[in-house]
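Asker: This is what each chain is made of:
There are 4 protein chains.
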Amino acid sequence: MPRKLRMGMIGGGLGSFIGDVHRKAAGIDNMIELVCGAFSSTAEKSIASGKALFLPEDRCYGNYEEMILKEKELPEEVRMDFVAIVTPNHMHFHPTKMALEHGFHVVCDKPVTFTLDEAIELETIVKNSGKLFAVTYNYTGYPMVKQARAMVANGDLGNIRKVQVQYLQGWFATAVEQTGHKQAAWRVDPKRSGIGGGLGDIATHAENMITYITGLNIEEIVADLTTFGKGRILDDDGHLLLRLEKGAKAIMSYSQIAVGEENSFAIRVYGDKGSVEWLQEEPNKLFTRWVDEPKRVLTPGGNDLYPEAITHRIPAGHPEGYIEAFATVYKNFATHLMAEIQGKTIDKPDYPSIEEGLKGLKFIYASVESNKNNAKWVKI
Amino acid sequence: MPRKLRMGMIGGGLGSFIGDVHRKAAGIDNMIELVCGAFSSTAEKSIASGKALFLPEDRCYGNYEEMILKEKELPEEVRMDFVAIVTPNHMHFHPTKMALEHGFHVVCDKPVTFTLDEAIELETIVKNSGKLFAVTYNYTGYPMVKQARAMVANGDLGNIRKVQVQYLQGWFATAVEQTGHKQAAWRVDPKRSGIGGGLGDIATHAENMITYITGLNIEEIVADLTTFGKGRILDDDGHLLLRLEKGAKAIMSYSQIAVGEENSFAIRVYGDKGSVEWLQEEPNKLFTRWVDEPKRVLTPGGNDLYPEAITHRIPAGHPEGYIEAFATVYKNFATHLMAEIQGKTIDKPDYPSIEEGLKGLKFIYASVESNKNNAKWVKI
Amino acid sequence: MPRKLRMGMIGGGLGSFIGDVHRKAAGIDNMIELVCGAFSSTAEKSIASGKALFLPEDRCYGNYEEMILKEKELPEEVRMDFVAIVTPNHMHFHPTKMALEHGFHVVCDKPVTFTLDEAIELETIVKNSGKLFAVTYNYTGYPMVKQARAMVANGDLGNIRKVQVQYLQGWFATAVEQTGHKQAAWRVDPKRSGIGGGLGDIATHAENMITYITGLNIEEIVADLTTFGKGRILDDDGHLLLRLEKGAKAIMSYSQIAVGEENSFAIRVYGDKGSVEWLQEEPNKLFTRWVDEPKRVLTPGGNDLYPEAITHRIPAGHPEGYIEAFATVYKNFATHLMAEIQGKTIDKPDYPSIEEGLKGLKFIYASVESNKNNAKWVKI
Amino acid sequence: MPRKLRMGMIGGGLGSFIGDVHRKAAGIDNMIELVCGAFSSTAEKSIASGKALFLPEDRCYGNYEEMILKEKELPEEVRMDFVAIVTPNHMHFHPTKMALEHGFHVVCDKPVTFTLDEAIELETIVKNSGKLFAVTYNYTGYPMVKQARAMVANGDLGNIRKVQVQYLQGWFATAVEQTGHKQAAWRVDPKRSGIGGGLGDIATHAENMITYITGLNIEEIVADLTTFGKGRILDDDGHLLLRLEKGAKAIMSYSQIAVGEENSFAIRVYGDKGSVEWLQEEPNKLFTRWVDEPKRVLTPGGNDLYPEAITHRIPAGHPEGYIEAFATVYKNFATHLMAEIQGKTIDKPDYPSIEEGLKGLKFIYASVESNKNNAKWVKI
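Protein chains in written order, with my numbering: chain A, 1 to 380; chain B, 1 to 380; chain C, 1 to 380; chain D, 1 to 380.
Please note: incorrect hints may appear among the correct ones.
Identical copies go unnamed one by one, so any copy, or any two together, can satisfy a pair.
[Unchecked claim] In silico DSS-like cross-links for lysine-lysine, where the CA-CA straight-line distance does not exceed 30 Å:
| id | residue 1 | residue 2 |
| --- | --- | --- |
| 1 | Lys-246 | Lys-4 |
| 2 | Lys-273 | Lys-372 |
| 3 | Lys-376 | Lys-51 |
| 4 | Lys-376 | Lys-230 |
| 5 | Lys-72 | Lys-51 |
| 6 | Lys-285 | Lys-359 |
| 7 | Lys-182 | Lys-359 |
| 8 | Lys-372 | Lys-246 |
| 9 | Lys-127 | Lys-273 |
| 10 | Lys-376 | Lys-285 |
| 11 | Lys-285 | Lys-273 |
| 12 | Lys-285 | Lys-51 |
| 13 | Lys-285 | Lys-45 |
| 14 | Lys-344 | Lys-51 |
| 15 | Lys-362 | Lys-72 |
| 16 | Lys-45 | Lys-4 |
| 17 | Lys-359 | Lys-97 |
| 18 | Lys-348 | Lys-51 |
| 19 | Lys-230 | Lys-344 |
| 20 | Lys-230 | Lys-246 |
| 21 | Lys-273 | Lys-182 |
| 22 | Lys-182 | Lys-4 |
| 23 | Lys-51 | Lys-97 |
| 24 | Lys-182 | Lys-230 |
| 25 | Lys-379 | Lys-97 |
| 26 | Lys-362 | Lys-127 |
| 27 | Lys-344 | Lys-45 |
| 28 | Lys-379 | Lys-70 |
Rather than coming from a laboratory, the hints here were simulated on the basis of the structure.
Work out the full structure: start from the sequences and follow the hints.
Answerer: Given below as structure tokens:
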């Protein structure tokens, strides 16, 4: 009999941003319930977080090893089906590995691992595990992003020539990491964030989006990175040139110090027949432009959408946002997992997996290498 | 010990729009779980809907009377705490009355009742019941609407002079109700919708918004209503002039036949010091304008917000939408109810209740009366 | 041999807003040169203004009577061809009458006269004079307004059902007329402005636009006018319901006290097949919406325009503004006049004339009458 | 006695785009009159163009040498004061040189010359001539661009860190140059355009804008240029990284093949205190963003502008466009020239001159060099 999926969470204690987002995203479509968690680094804190989430104390664990082992022992009809990993980057690999190896499916935040080597190793682990794995490149969950992708795939834009992408934030314009801001603190710390600062935090979303929409891999890049914040070690701003497959070119600007910008992630894709533009802060519109026809504006639930883009939950004009897009990643993962549980197969599930995660790490490493060499071209 | 609230639902079977919205809105903040429902007019259909929602069969009821009576008999730690009523308008009053009289709290969709008499009666029932009651004027749940309200309340705009509101949809531009569209069908049917068509469906949201933001009651109106769709009985378009308390004036345009409009609900409020503009389709911005200062754009999570407006769940630049705004009505209701259960009191809970519901019906009736008399002035 | 047209100006001395606009509008297309003027109420001031415009002193007159009489005596190849009248409203009728009766063509600012009686009389005078006459309802000069009109005329929108128009300004939100602001002062003075304040200043533009785009006359109106500014006599805000020919309905909101609004003139027209939206502050876009197709955005110089709308002077993406739209009224008038001079005829010249001027006065008078009678319906 | 300035024109015959723009721009402010021209390559065509402009036949010359020599012989009170040069790029240097050396002031379109060597030589010629010289980087004429520049100069944004600029057009997305389109034809022809295609046509505007607003010179660039159009020799698309003075970084994307884009020139400048964003297609707004304050939107004629930005001709809300911005370059040049004629001096005239022109050529040459070397860094 069909049932809700049971989710355990690693990380995401009280005050966490992304943990809360994962929970809301998992909850909105009524397919998943949170049943347990190792929310914090101590049992006490973890229990406090769990209680606030109305979890029973015995399902709040002091660390992820304990959670995985104890849940494993619970009866099948009680124990979690999958783990959501929402810790800082340096804590992605080990919990993921252990969860997979103990038979649990995994949803992991991005970037998929702390180092490139971990990502390479994880690819093998995922494949050998036979378990489902998703990495939450959540911006691919917006209906209008899916429409852009479908338009490219169907040839509406013709051959892709040019991609322009920006991901601009301003919250690091001042020394926010010195004000006790937890989420800022780990992001600027190479021991928790990895070799990329803004690279791993936001540029990898931009990199993933280029490939998701165009279907073209990045072959070569130049990266001119900057660390504007005094005392910082990692990049908080970057300008990149990219060469894609089939002669397409791309350009990327990302920043955490772009004062006053909130989450200005935007992409423009130009083919030889048409073009599309999408802005994350105005996500319910897709601007399309054409050689001989008027500009058109597509909307979720509106006219002329491809089936892949019909993921909006409510009628046209009722805006969906960030949580809903995130939820669509969960929904597609959950749909896949429910099918697996029921012994069914599903065609091309539409959520990012280990391949996308590995590409992200390769991108980060190539960018850092290019930048170290005065922004020379580096092949990916 | 704190626990999630248990919700039962009346209406909202498979294929329902608003029932699904209520469930998602109730689910997003992890405070409420759906435990039972009388989703459809037959037990069979109700069970089918319930199963798709992963409910046990014995909590899927064939009608609301059965649900209320049987839930009443369940142990206190199992039975539903409150009922969400998401049926067409003619089915609001009786389930609400019965639920309240059997000790259940109620969340009801708008307009609160089918007739004005019912609304008047319901006001007394709610007051006598001692139970909580919310009517889902959901657009008041947007953070930037709350900011607008707080700005008026704090005198930032000075004395309110002028309000301009529109609520434009286009889905009834063609004879959609003749195409088997269930949600269209009941809306054009006076036996299920009431004496107002667009009036009850959308204009009452506009009416509620005027009062919610300005704090001013509507005193007098002129309504020039039109039925453009052939064969329709109820209004599908309307133009209204309104006189508010304290000499303020308002103007309203609503339509269900405004071709190509999706859900273009927008309000502009002008005081003698400043003004605000808010557009439902771009809900994460509040445009403010001033005598001697530059225009400003406020955003959820951004700078210069009043505490009442800080209801956004995620950082600035991560758009929230319709479901989140709807969820805020549920969250505020749930917070109030949780406090009640724990014997606590809460100051001025911010969700619409029977007073707002009754005002809505008075508005609908006055509009119809004005229109019948060649759009003469009618006092409310 | 073709030559530039020679323009004389009445009003528009140094510091004038609208006189300067007329001169720039007349000058931009290189078809008209300013040759003389009675710019101010004294010869001295008039000469000062004329000198600043590089006019010879002997073509700067102390009053309009002198100008008309003296220019009449000049050789045909020297004297002005037409007069531009840019005085306050109470000074429109007499100069126009005298100019026409002395053989000069006339371009006059709106509203066409001070009183309705004058407008009625002027209609006869214009017809009898055999001279060309234009009234500068300048907003009709925007390319995208012409496109909207052509789309309606060609049936693209189907039968027109609903029109929504706003014209919002904020410069009278404070007592600006008491600060020595000349342009404000005459506008609030019934002796110079007429019986309408905002009505004659801005609402008549909105009234003209409704008819220009839809081709439908206004048959009946309700007007709820307000005077918010202390000590003012005339309306500075108004809300109107309008019934048009063929069962169409319209609604109008105008204001001079809408704090922070600059010149927010906007119109939406809904037919049974499609709709258009145009905003004066973003004039180079026409938003169109459809039953079964995506929204489209048309631009001057872009794809899919009607010939009537191809009045943009420069390629797509190079914005034209208020002066260019104003200039198009002059250009169409000048083209007509040049044709006349060369003995040619021209089909349906596209500029507003005495008929539009007279409709404007009827609208103002009907609005005032409705308002005096507690906003009852008044036929036009 | 003050008089209008007399302008001669080289190039800009019938059907020319930019010649017409120069004439309108020169005409709008009533300070300049066109008195003569060598509009085309033959006397016959030149006269035809001149007649359409209402010029006497004897002031329409068959080539620029003739014009300069003959005008030189005319009486001082008749002959042209300055020459506007609006020919393709390869025809900038010689007419400019000859005009300056014969005592005429010059306004020249951009890029200032065909080759870098010419630009270097021209710098000396201009300085030695004692004549005024302007190059029409016309986008600097927009009021909100001047406001951005003033804000940087006054330190409002703090130290500049990052600049992001795009200049996107789509008219070369197809092989428009093979369709008999004259303006397209010379632009893709290295013999008339120079070593840069899009570089000289549009990227140099972007380059100039960076320096105009920030006051920072470009020190080093990487350019990855592409020629997408089959059979083309010159670049029609480019992606650049730029390093500016004082550690600031910039990124530039330009294109002539960005399908459906009209003239999407946009710049974002980020300091450590605030940021500004300006879009040429929406030129009457300046978006500003701040660390601790709400976003603000500035408008011409609105509140909080610097004196340098008060160049708008009409009140707030009455849009000005491309022609007006262009006209401001002419106005500032004319104001300077009128002062010179009257023996007055003027402080820092605000129009682009030979220095800006020379920087443009250096930028084009460095970009081409970088691109030839697989996009390596090249110092400017």
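Asker: When no copy is specified for Lys-359 and Lys-97, does a C-alpha distance of 30 Å or less occur within a copy, between copies, both, or neither?
Answerer: Answer is within; shortest intra-copy Cα gap is 18 Å, inter-copy 56 Å.
Asker: Is it within, between, both, or neither for Lys-127 and Lys-273, if the alpha carbons may be no more than 30 Å apart?
Answerer: neither (39 Å within a copy, 48 Å between copies)
Asker: Checking an output row: Lys-182 and Lys-359, CA cutoff 30 Å. Within, between, both or neither?
Answerer: within (28 Å within a copy, 46 Å between copies)
Asker: When no copy is specified for Lys-51 and Lys-97, does a C-alpha distance of 30 Å or less occur within a copy, between copies, both, or neither?
Answerer: For Lys-51 and Lys-97, only the intra-copy Cα distance (27 Å) is at most 30 Å; the inter-copy one is 35 Å.
Asker: Is it within, between, both or neither when you check Lys-72 against Lys-51 at 30 Å Cα-Cα?
Answerer: Both. Shortest intra-copy (22 Å) and inter-copy (28 Å) distances satisfy the 30 Å Cα cut-off.
Asker: With identical chains, the pair Lys-379 and Lys-70 could be close in the same copy or across copies; at 30 Å between alpha carbons, which is it: within, between, both, or neither?
Answerer: neither (45 Å within a copy, 62 Å between copies)
Asker: Using 30 Å as the alpha-carbon threshold, which applies to Lys-230 and Lys-344: within, between, both, or neither?
Answerer: neither (54 Å within a copy, 48 Å between copies)
Asker: Cα distance capped at 30 Å. Does Lys-344 pair with Lys-45 within a copy, between copies, both, or neither?
Answerer: between (40 Å within a copy, 26 Å between copies)
Asker: Using 30 Å as the alpha carbon limit, work out where Lys-362 and Lys-127 are close: within a copy, between copies, both or neither.
Answerer: Within one copy only: 19 Å inside, 54 Å across.
Asker: As a check of your reading, is Lys-376 near Lys-285 (CA-CA no more than 30 Å) within one copy, between copies, both or neither?
Answerer: Classified as neither; 37 Å inside a copy, 38 Å across copies.
Asker: Since the copies are identical, ignore which copy is meant and state whether Lys-376 and Lys-51 lie within 30 Å (CA to CA) inside a copy, between copies, both or neither.
Answerer: Classified as neither; 52 Å inside a copy, 57 Å across copies.
Asker: With identical chains, the pair Lys-273 and Lys-372 could be close in the same copy or across copies; at 30 Å between alpha carbons, which is it: within, between, both, or neither?
Answerer: between (38 Å within a copy, 28 Å between copies)
This entry does not satisfy hints 1, 3, 9, 10, 12, 13, 15, 19, 28, going by the numbered hints stated previously.
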